[in-house]
Amino acid sequence: MSDLIDLTAAAAAERIRAGELDPTDLYDAYLERARNDGLNAFTWLADAAPAADGRRERPLAGVPLAVKDLFCTQDVPSQSGSKILEGYRPPYTATVVSNLFAAGATLLGKTNQDEFAMGSSNENSAYGPVLNPWDRARVPGGSSGGSAAAVAAGLAPWALGTDTGGSIRQPAALCGIVGLKPTYGACSRYGMIAFASSLDQAGPLTRDVSDAALLLRHMIGQDPHDSTSVAFPGEIATPSAADLRGIRLGVPEELVGDEGGVEPGVRASFEAALATARELGASVETCHLPHAPHALSAYYLIAPAECSANLARFDGVRYGLRVNGERDIGSMYGATRGSGFGPEVKRRIMLGTYALSSGYYDAYYGTAQKVRTRISEDFNAAFERFDFIVTPTSPWTAFELGSKTADPLAMYLNDFCTVPMSLAGIPAISIPSGLSDGLPVGFQLAGPAFSESRLLDAAYALEQAIGFDSSEARR
Amino acid sequence: MLDRDQVLHVARLARLELTEDELARMASELSKVLDHIEKIGELDLTGVPPTSHVIDIAAPLRADEPTTSLPAEVALAQAPEPVAGGFGVPSPGAAE
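Chain order of the listed sequences is A and B. In terms of my numbering, the first sequence opens at residue 1 and continues consecutively. In terms of my numbering, the second sequence opens at residue 1 and continues consecutively.
Each hint should be verified, as a subset may be incorrect.
Calculated lysine-lysine pairs in the BS3-like style (CA-CA distance at most 30 Å, straight line) [what the hints assert, rightly or not]:
#, chain 1, residue 1, chain 2, residue 2
1, B, K39, A, K404
2, B, K39, A, K370
3, B, K32, A, K83
4, A, K370, A, K83
The hints are simulated quantities; they were obtained by calculation from the structure and are not laboratory data.
Kindly produce the complete structure, drawing on both the sequences and the hints.
Written out as structure tokens, the structure reads:
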């Protein structure tokens, strides 16, 4: 049984196709572990393995998949970590999930998350916090914390997450796994319960880089249901690079210098990974993203502004919670939303509504959109000289539950190194670079739009050389 | 920076009923976040175009052909108050 759990998803799929492994045995092994989940990683689990139905011959061969709660899955609870959607079972399935089912994936369960994907610790879930399998007194990161913890702990072979400002990469870093945010538009957003539409992007959380490439390959594609989705140029290749010869890595002074507040243990692991990259033949040089220090401010205007509009749909009329007020329909709206949303969601709706309100729009939202232009220009200039920009994924390792909840601003600083790429819409991957005091550290590589195959290749070469051992978290 | 009345005004715009405790906490928390965010006002952004969509694509068009949509009974299946094929709501009350 434990042998099955130690297989990567790609290796398991290969064995199934070769007739050496029964997909039901694999599914049952994970289902049993997920049922005994002591991390609160899942909010819903399937009853039993689905019938084989010819999946065996398909690329994903029936390998089970954990799906972040905010992906609509037909007739299965899809609550986005919120009380306002408690018990909601959508009448349709998100395109990315349908694509993966068509490729042969099976649904294992839905994973816990920060409410509406707003958070960096998974402590904002209405269904309780998720625990980090490396140290259960600590957070798994967020907002895809359940997906990251489930994969790290071997409760699922791989998982789907979403990233708006770092919500795939940061929990992947804190849990010692691989997380990839694709280029904006690579994956359809149809059926993802929206947070910030110009930033939200689905992506894989996996045990290694090869699994991330395999899952992403079957996620991407233009979708008539999402006008911002694009036809991905080319295929996602299986990564195979043996070295980094000729690869130029840029280390942005503005993110990795003193201003970023990178912990010493994280910095040491980052420097060691850079040394490994050099040994593999890469060149490593300091570079500049002059507007990157302002990315966090721009992000915390744009994302709340978009969320305040997107979350207007939760009004107690068509689905979800209704709380009748004392008077008319207006008091029903206020009472429903006041009772259904948690504190962080309320904060962001308020921040966004304020930033969009009459007299403040230009100073806040308009300015943030201009900063966004500058940030994209900074990356474009950097990519003329460098293949990839590299940073620590998170300035910190996993922190203790409750240690940052009292100060929302301190929590937001967690996203310092991940939001610039989100604002620029470019792909970025986090891979484990090692441990600091027994806790995983994430190494982030970002590339130009649609460079996923090259990015995965570079991450693969680095991953093979680093040789991170993730087995401890699965015990 | 933000006072209770301003917070109350924004909460009304957002259709969000907040308790007295929440109003007070929101005023101090939002002020702190806004203080940090306002630093972007110091940048010279004269002549910089805003970015609302990060990938440069034209709005795709499809043929204008009718397709089926969600059946009414499915759309209503999870409504808190389905009424005669529609969504029931409390009285709209007096015009504001």
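Hints and how they fare:
no. : hint           : in the structure
1   : B:K39 / A:K404 : holds (23 Å)
2   : B:K39 / A:K370 : holds (14 Å)
3   : B:K32 / A:K83  : holds (27 Å)
4   : A:K370 / A:K83 : violated (35 Å)
In the structure shown, a violation is registered for the earlier hint numbered 4 alone.
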